[in-house]
Amino acid sequence: MLEARDVSKRVRSPGGDELEILDAVDLCVPRGASAAIVGASGSGKTTLLGLLAGLDQPSAGRIVLDGHVLTDLDEERRARLRRRLVGFVFQSFQLLPALSALENVLLPLELEGAGNAVARAREALTAVGLARRLRHYPAQLSGGEQQRVAIARAFVHQPRVLFADEPTGNLDRRTGAGVIDLLFELNRAHGTTLVLVTHDNNLAARCDALLELLDGRIRAVQA
Amino acid sequence: MKALPPAWHGLRREWRLPELRTLAAALVLAVAALGAVASLGARVEQALLARAAEMLGGNLGVSTDYRNLPADFSAEAARLGLQQNRSANFPSMAFHGEASQLLDVLATDPAWPLRGHAQLAAGNGRVYDGHGPARGEVYLDQRALDALHLRIGDTLQFGGMPLRVAARLVQMPDGGELFALAPRAVVNLADAEAAGLLGAGSRASHRLLLAGAPAQIAAYARWAKAHLPGGARLITPTDVQQRLRFAFNRASTLLRLIALLSALLSGIAIALAARRYALRKIDEVALLRALGAPRRQVLGLLATRLGSIALAALAVGVLLALVLAALAWHLAQALLPQPAPPLSIAPALGAALAGLAVLLGFALPPLTRLASVPPQAVFRRSLGALRWRDRLLYLLPLPVALGLILAQGGGLKLSLGLGLSLIGVGAAAALISAALLALARHTAAHAHPALRIGLASLARRRGLSLLQSVALSLGLSALLLLAVVTPALLSQWQRELPPDTPNWFALNVQGAQRASFARQVAQAGGTELNMLPLVVGNLSTINGVPIAQQHFADAATRRWAEQTLRLSWSTQPPPGNSVVAGHWFSAQPRMAEVSVDRGWARRFGIKLGDTLGFQVGEQNLDARVTSLREVRWDSFRVNFFLLLDPAHGHSLAHNWLASFHLPPGQATRLQATSRALPNVSLIDVDSLLARLRGIVVQVGTALRWVLGFSLLAGALVLVAALTASARERRHEAALLRTLGADRRQLLLASIAEFAMLGAIAAFTGALGALATGQWLALNMLDLPHFIVPLRPLLLAMLVTVSVVTLLGLAGTHKLLSSSPLRILRQE
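Protein chains in written order, with this note's numbering: chain A, 1 to 223; chain B, 1001 to 1827.
There's no promise every hint is true.
[Claimed, not checked] The calculated lysine to any residue pairs, modelled on SDA-like cross-linking and capped at a C-alpha distance of 20 Å, are:
no., chain 1, residue 1, chain 2, residue 2
1, B, K1281, A, A139
2, B, K1281, A, S92
3, B, K1281, B, R1295
4, B, K1607, B, V1545
5, B, K1607, B, V1579
[What the hints assert, rightly or not] Listed below are several chain B residues computed to face chain A (Cβ distance under 7 Å; list not exhaustive):
no., residue
6, A1190
7, A1194
8, L1529
9, E1732
10, L1735
11, L1739
12, D1742
13, R1743
14, P1820
Everything labelled a hint here was simulated from the structure, so no lab data went into it.
What you are looking at is a predicted structure, and each value in this text was computed from that prediction instead of being measured.
Note that beta-carbon positions come from the ideal geometry of N, C-alpha and C, so glycine has one too.
Please put together the full structure from these sequences, using the hints given.
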């Protein structure tokens, strides 16, 4: 379902040296499964997540997402693929401040040109327990509520794969736990493949697979 | 001072913030625009004054009728180190053999002229610049030479003494008089005095002309004003000619307007940049407040940082203003009078003060909101509630703008007019924008998906979109006013002196000679012939009271009342005349009716319904004032203070006054007319017209230079205003890209959004420019027939939509080709 073979990422530093962020990473996450990528700060977790989601291209290697070879596609084609197949949850929520909760959730549907968009967005927000907060703006919501809006946005167009970057990083333990429950619940309900980056051991423990990154290389894989 | 060290510490970091750079750039532009325009404007005005001084023959004049000026006037001029020229003007007969001719004589000392040129022609035809004639010599114009059958080198009899004709008078600084009735002669002042022509009982008017540095001239003018004897008056270059005064007023009004609009444009950009800065600083202020810094210290810190950047920007602005003014002058100098007046630094420093006012007025409202950021904003970003006091502060730009207009010498009328126009454009833009945004939001649901995103995001960012469209509308209004309306106003003004403006006048054409005169003129190649009846008489009574028994406010008014009066009549108001009170003549009035120039009526305290008595030869006529007219005295047409109704006017003894255009160099072809109709006086005003046209062309050139620079400043500020929201858009587009928006969708969304914004701004901006331009033409520039040209305005609207769209797209262009991951990480 989601497969990375021999993926490397090198960037040029401001001093002109070449930095190796990822080095020959291999991984495979089956359809409907969940995988956590863990590791110290600077170990390359977010870079790997970005490559797996098709937000960037690796320097070497091959990534296949739901049968599509991402590394053969240009940014335009990857964007179209993301629109259909991928959902995102970010550590800093990434909601647009000028849009209400409902309008934020509407975004992926509008991009897709989907029918019955408002009803579907309303339904998604109801599913995350925010039926009474549709017209609220991000600044009027708590951190946990904002992340739930982000989750509703991630699931509203029923993606095949959901990528989450430190989804509980900005939340307290209790709120974080609530958000994780919600994430796995939706993951099960929609049969979505879940790939998340986290420092949270409890969260990592709930995933089907755990990949530990150290200095750009996979050090350990637990299934 | 506790705030200083961290303020300096953060200064370098702050300088990297794009909005502070925008703010500094806008401030530099505001000061540069105001300063360059003010410096260049002051220089152009000085140059034009110098030009007018050439027409006067000096920088300042004092004139008296019938007697010499007290000696202390000359002594004061000598004390101030001014150059002096004494002269007298009077009519006198001259004789040569059997021929005799009444001459308009200027008797002057050899210093004449102090400014400008007296062009003389020698016997061999060589033209040269000369000075006042030596004793025993006289200069005559061609008409005098012809009338007295003289050639250069001959001798004539003048005031009982023989004078040798030393040169032919080609052109002289003539004090701007429209025309001299009699042929002209220039003699030495001492000769005229020796001949007893200036003694007691003489009808000569005396004039003391002065030239020198502006400060000394101003000092002398102040002294002279306080010591003027009765019947004496000061003559300054600006009031040499009413026509020239009109030109100066228009030129300076236009110059001020252009500078002001540039400064206000910058103000808009400053307000937008300050708002962005305030939003960015919320976190820092909240953190400092949470760490225990008192509000005053936090604000002091920000004020010190901003103040340092503002000071630097003001200094750069002043420098740039001076460089640009010098450069513009250098490039335009071939077309402007020489030599260049010195470039003064005062206007640029004044502009720096104005720039500071613009900064405070436009940046303070958004920045003071930082004062209300609560410490708990470290947990949740918020500016705090908007208090009423803060809301009121948002009105601050208005008094600043009005103050700026007043400070620029715009006067209350211009200030209020422009201020109200700006408020009107702003309010209309806000209302129309709100309506169109609501419409966009409503229709977005049914539109193409990409258009839907663009229109929806414009509609959703309602506050920011409204702010931007109002700012863009105001900016565009100012730009359109500059780009479309001002050149049209200028060309309309230049059109007032078309090439076929009458350049010859003929006096004393008898009724029976009209047809033959018209034929003669046509044969000589004259065109645009216009003949008006002329009645010469005196004002005998006002409301039945004889003039001798009237009490007048001053001696000048009495002189006006006693002098010969020229009247005419017309079936309808002549061109350049408009009835401002009462009504035009009835068809066959029982009692004679008269229409009076408003200025003339004011001088004599005459109102509608009063009766004026005229004496024309043996005839007496009482006429009731039935209308007051506003007369365009700068129109170069023949105008009259008093117009009678045709039925009664016709019954008075009259002859005809003619004006026509003769191509330059054709004057000799009129000799046949002179011979055939010897009683007709022909007067050439071509040289005066040429000088006047020269001034209009020069003013136009100067204005175009200033205009071009201001347009550039305005366009740059417009870019700054448009990019003020670039960060929001970039962030939004980056997120959409991450969520899968493709290039086409983003492009279409951006086009829809910016085209809509541009259309709203173009529509309201064009309406604003149209209304303001029309108001300016009517009320400030005295151009009643001006119509804002619609075609260039429509074209400008199209260009506006395209430019706004392209500029907007340029802001999002980078985003389309870079990795969304990178963009999200940078945000």
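Status of the hints after comparison with the structure:
1. K1281(B) / A139(A): Holds, because 17 Å separates the two Cα atoms, which is no more than 20 Å.
2. K1281(B) / S92(A): OK: K1281(B) and S92(A) at ~19 Å, within 20 Å.
3. K1281(B) / R1295(B): It holds: about 14 Å lies between the C-alpha atoms, which stays within 20 Å.
4. K1607(B) / V1545(B): holds (15 Å)
5. K1607(B) / V1579(B): Roughly 14 Å between the alpha carbons, so the hint for K1607(B) and V1579(B) holds.
6. A1190: violated (87 Å)
7. A1194: violated (92 Å)
8. L1529: violated (71 Å)
9. E1732: holds (6 Å)
10. L1735: Holds - the Cβ of L1735(B) comes within 7 Å of chain A, reaching about 6 Å at its closest.
11. L1739: Constraint on L1739(B) satisfied, holds at 5 Å.
12. D1742: Holds, about 5 Å.
13. R1743: holds (6 Å)
14. P1820: Check passed: Cβ of P1820(B) comes within 5 Å of chain A, closer than 7 Å.
The structure does not agree with the numbered hints 6, 7 and 8 stated previously, though it agrees with the rest.
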